[in-house]
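Line order of the protein sequences matches chains A and B. Its first residue numbered 53, the first sequence is counted upward by one per residue in the numbering used here. Its first residue numbered 208, the second sequence is counted upward by one per residue in the numbering used here.
The set of hints was computed from the structure by calculation and includes no laboratory data. Be a bit skeptical, because a hint or two may be false.
[Said to hold, decoys possible] With beta-carbon atoms standing in for the labels, derived distance ranges:
#1 B:Ile582 x A:Gln114: 51 to 61 Å
#2 B:Pro581 x A:Leu173: 23 to 33 Å
#3 A:Leu189 x B:Gly520: 25 to 35 Å
#4 B:Phe572 x A:Thr286: 19 to 29 Å
#5 A:Ala193 x B:Ala262: 47 to 57 Å
#6 A:Thr231 x B:Ser498: 24 to 34 Å
#7 A:Val90 x B:Gly520: 36 to 46 Å
#8 B:Tyr494 x A:Val130: 21 to 31 Å
#9 B:Pro581 x A:Pro176: 53 to 63 Å
[Claimed, not checked] Here are the simulated lysine-lysine pairs, BS3-like style, with alpha carbons at most 30 Å apart:
#10 A:Lys126 x B:Lys400
#11 B:Lys630 x B:Lys733
#12 B:Lys627 x B:Lys701
#13 A:Lys67 x A:Lys117
#14 A:Lys126 x B:Lys733
#15 A:Lys117 x A:Lys233
[Stated by the list, open to error] Rough simulated footprint, nothing fancy, chain B against chain A, three-plus residues with beta-carbon under 8 Å:
#16 63-76
#17 132-143
#18 235-248
#19 262-275
#20 287-299
Quick reminder that beta carbons are idealized off the backbone N, C-alpha and C, glycines included.
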Amino acid sequence: MSHALDKYFIPEPSKYPIYGSIALLLFGSGAVMWLNRVDGGALVFFLGIALLIYMMFGWFGQVVKESETGQYSKRVDVSFRWSMGWFIFSEVMFFAAFFGALFYARVLSVPWLATGENFELLWPQFTDSSWPTAGPLAYEAFTPMGAWGIPAFNTLLLLTSGATLTWAHHALLKNDRATLKKGLLLTILLGVIFLGFQMYEYFHAYSDLNLRMDSGIYGSTFYLLTGFHGLHVTIGAIMLTVMYFRINAGHFTPKNHFAFEATAWYWHFVDVVWLFLFVVVYWL
Amino acid sequence: MAAVTPDQLHDHHHGPTGLMRWITTTNHKDIGTMYLIFSFIMFLAGGVMALTIRAELFSPGLQVVEPELFNQLTTLHGLVMVFGAIMPAFVGFANWMIPLMIGASDMAFARMNNWSFWLLPPAAILLIGSFFVPGGATAAGWTLYPPLSIQMGMGMDMAIFAVHIMGISSIMGAINIVVTILNMRAPGMTMMKMPLFCWTWLITAYLLIAVMPVLAGAVTMLLTDRHFGTSFFNAAGGGDPVLYQHIFWFFGHPEVYIMILPAFGIVSQIIPTFARKPLFGYASMVYATSSIAILSFVVWAHHMFTTGMPTAGQLFFMYATLLIAVPTGVKVFNWIATMWRGSMTFETPMLWATGFIFVFTMGGFTGLICAIAPIDIQIHDTYYVVAHFHYVLVAGSLFALFAGAYYWLPKWTGRMPDEKIGKLHFWCSLIFFNITFFPMHFLGLAGMPRRVPDYALQFADFNMLASIGAFGFGLSQLIFLWVVIKAARGQGEKATARSWEAAEGLEWTVPSPAPHHTFEEVPVVK
Ligand code: HEM
Ligand SMILES: [Cu+2]
């Protein structure tokens with residue numbers, strides 16, 4: 053019979069979860085107050101974010117320490133692998149809700165508004181249901197975002213970053229730390245440039261194209277889909293940066309580097325989401 | 208900070224004491240206990256709301272609450288019961304029992320497990336606190352349909368953030384359960400040897416990971432429609448309020464299976480014990496559970512037959528829904544076949560389990576009736592639907608939770624539940640449950656709409672009956688509190704490790720009450 057601790061890791065009691073819970077309570081109630089113009093809302097909101105960041109530093113820091121001091125067995129590694137996979141699956145489903153909304157609007161609800169009873173009884177002036185549209189009561193015209201300018205370039209950036217990350221990973225497997233750092237840094241750089249372009253694109257949309265969050269269903273789906281994707285690129289870039297610091301600190305071996313792999317999975321997932329976005333939001 | 212070393216493991220308990228013990232614990236039994244207590248508190252809170260609703264509906268006219276508050280109460284009753292009582296209660300069972308059943312020393316991610324639980328109180332504070340803000344709680348119904356949910360005050364925003372936080376909790380909890388089951392089984396515990404409770408939870412957890420993010424997406428769109436000028440659910444901007452219903456029910460229907468599959472699991476543990484026969488058709492149970500889970504993704508629009516779907520859509524969703532009756536029927540058949548020619552005794556857990564089969568099956572049948580599109584167009588949004596889902600949720604999920612609580616109480620507390628009081632609890636609950644909800648079928652068929660504080664005179668008698676039943680049912684639940692407190696205080700017959708004569712499974716090989724740490728020596732299953 054083997055002893056449980058050869059196989060399982062049982063952590064000490066920890067204060068970090070309760071910090072996280074208080075942080076999300078502050079975050080949520082602060083957001084509610086802020087949105088409803090209650091004094092102090094923004095303060096509570098940012099206090100929540102600050103505590104959340106503190107909690108993540110502490111918690112992840114502890115996990116890193118446990119990992120580096122060799123407390124994690126093979127079995128813990130497998131647990132991490134499963135959990136990261138399932139987490140990414142949950143993210144896929146989150147995006148699916150917004151893609152679903154986009155398809156529903158484009159294929160069903162907008163054409164319905166321009167046909168049959170809806171058309172006759174609600175908005176008889178709404179005859180052109182072609183996409184993009186801001187809906188029957190659109191009072192301001194807007195120009196949709198073209199696909200072949202910045203977005204196409206951004207596609208190239210992200211695809212390249214996927215390749216450079218794989219390059220870095222191969223270097224890690226061969227224990228070639230110099231190439232690893234180069235590849236990783238390049239990946240982060242590409243991600244940051246992507247985000248810069250994305251920000252410029254929003255700026256351009258608001259100031260030149262009159263394309264805003266309230267530009268009907270086109271504006272809604274455009275901003276929420278690209279916005280949540282951008283948020284995920286940001287998170288991915290932060291994760292990559294953490295990996296960079298860890299590599300500088302001498303972490304990871306060719307055999308043992310799941311944090312790096314998990315980050316890579318995440319980055320590729322964000323890549324794939326972008327490809328879908330590029331096709332259905334920008335191009336078609 | 209180092210991990211627990213082997214010699215510390217043998218201590219009964221190690222680490223902070225007092226309140227900090229509970230706040231910082233990484234022990235699956237502590238966390239399971241907190242889940243169970245939390246869910247019972249929420250059950251009582253939701254129960255008070257329900258009884259206020261039934262007091263108002265005792266007779267026609269408006270007497271107890273304002274209509275606005277009435278709508279807030281129906282909404283929060285639903286949200287609190289679904290997200291605060293039933294779901295956390297099942298997670299509590301999962302925490303306590305899955306490691307014990309598969310021979311693991313704890314859950315795969317013990318620290319994250321703590322966070323999954325401690326996210327629930329903040330969510331509850333937001334939900335229940337929303338009664339006290341200007342404008343009160345959301346009154347859009349637990350389904351939060353726009354346009355109502357776009358118009359409400361800040362209570363609605365609080366509900367949205369509460370749903371987000373509970374969603375994070377559920378997803379982390381579900382990932383933990385999936386990984387524990389896939390990766391932490393003792394040697395020899397193959398998947399097809401696992402107790403059925405673990406199987407049903409594995410599939411439930413998969414459903415949770417798949418649909419909680421979709422709900423998060425839906426309420427995020429509500430939030431941006433409310434505050435940031437988007438038009439997802441606004442036809443004037445090219446969106447559609449019905450879109451919300453599609454997204455919500457894509458979550459919502461799997462959600463109802465999230466609330467019933469673990470119940471199936473509990474019942475499948477209990478029936479063999481008291482029939483003294485192995486479960487009939489174990490493999491078919493696994494396949495039935497899986498097919499229910501898969502089918503549950505393609506039936507959501509049976510909640511939307513009256514929204515003006517194309518006929519082809521109505522037919523598809525009608526037939527797909529009716530198809531679910533097949534695997535569900537397989538399960539009921541297997542339970543009955545397990546009992547067939549068994550040497551049965553009816554201790555309290557078995558009473559609840561057999562009561563479950565009987566009454567839940569009635570709820571399943573009314574579900575089938577609702578699923579028939581031409582009939583549903585008549586009864587949608589009437590009390591018939593209220594009757595249906597209380598038959599499956601109260602007599603289904605809740606009865607199974609009670610069955611499980613009585614069954615594993617000896618393992619949790621070391622004392623057998625008091626049979627006399629337990630049986631009283633069962634019979635009172637069964638009778639009052641039917642007095643409350645059976646008349647609602649007639650009310651619905653006669654056309655009484657749901658979610659109304661006042662009604663036409665012809666509905667008066669059945670409503671009065673339902674209200675009397677509801678108060679009886681509510682009071683009966685205090686009996687349960689009595690049983691639990693008695694056992695927890697160490698009164699009553701001492702339980703042996705096996706507790707029940709014919710109980711099978713690893714959880715019955717450890718002492719009762721289960722020590723703080725179990726399976727430090729990994730068991731081998733033959
Ligand atoms: C035999 C399987 C079942 C079938 C065929 C079925 C069918 C249906 C249908 C067609 C409706 C929509 C009625 C309407 O709004 O007009 C409905 C509502 C509902 N069902 Fe079921 N059901 C089944 C089992 C369950 C189970 C096991 C649960 C939960 C444990 C459940 C919970 C609910 C709830 C909560 C609603 C009402 C939602 C709302 O509008 O607020 N059902 N069911
Ligand atoms: Cu359903």
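Now the hints, each set against the structure:
Under the hint 51 to 61 Å, the C-beta atoms of B:Ile582 and A:Gln114, about 57 Å apart, fit the expected range. Checked against the hint of 23 to 33 Å, the pair B:Pro581 and A:Leu173 passes, with Cβ atoms roughly 26 Å apart. At about 27 Å, the CB distance of A:Leu189 to B:Gly520 agrees with the hint of 25 to 35 Å. Under the hint 19 to 29 Å, the C-beta atoms of B:Phe572 and A:Thr286, about 51 Å apart, miss the expected range.
Here the CB-CB span from A:Ala193 to B:Ala262 is close to 55 Å, well matched to the stated 47 to 57 Å. One distance hint, 24 to 34 Å for the beta-carbon pair A:Thr231 and B:Ser498, is violated here, with the actual separation near 49 Å. Remark: the range hint 36 to 46 Å for A:Val90 to B:Gly520 is upheld by a beta-carbon distance near 44 Å. The given range of 21 to 31 Å is respected by B:Tyr494 and A:Val130, whose C-beta atoms sit roughly 26 Å from each other.
Taking 53 to 63 Å as the suggested C-beta distance range, the pair B:Pro581 and A:Pro176 does not conform, at roughly 33 Å. Between A:Lys126 and B:Lys400 the alpha-carbon distance is near 24 Å, which keeps this suggested pair within the 30 Å criterion. For the suggested pair B:Lys630 and B:Lys733, the alpha carbons sit about 37 Å apart, so the restraint of at most 30 Å is broken. For the hint pairing B:Lys627 with B:Lys701, the CA-to-CA distance comes to about 16 Å; that is within 30 Å, so the pair holds.
A threshold of 30 Å between alpha carbons decides the hint, and for A:Lys67 with A:Lys117 the separation of about 16 Å falls inside it, so the pair holds. About 24 Å separates the Cα atoms of A:Lys126 and B:Lys733, which keeps this hinted pair within 30 Å; it holds. Distance check on the hinted pair: A:Lys117 and A:Lys233 sit about 21 Å apart at the alpha-carbon level, within 30 Å; holds. Interface restraint, the stretch 63-76 of chain A with chain B: holds (12 residues with C-beta to C-beta distance below 8 Å; minimum three).
Note: the stretch 132-143 of chain A has 7 residues with beta-carbon separation from chain B under 8 Å; the three-residue rule is met and the coverage holds. Given as covered by chain B, the stretch 235-248 of chain A fails the check, having 0 residues with a CB less than 8 Å from a CB of that chain where 3 are the minimum. Counting residues of the stretch 262-275 of chain A whose beta-carbon sits less than 8 Å from any beta-carbon of chain B gives 10, enough to reach three: the coverage restraint holds. With 0 residues carrying a beta carbon less than 8 Å from a beta carbon of chain B, the stretch 287-299 of chain A misses the three-residue requirement, and the given coverage is violated.
Comparing the model with each earlier hint shows violations of hints 4, 6, 9, 11, 18 and 20; every other hint is respected.
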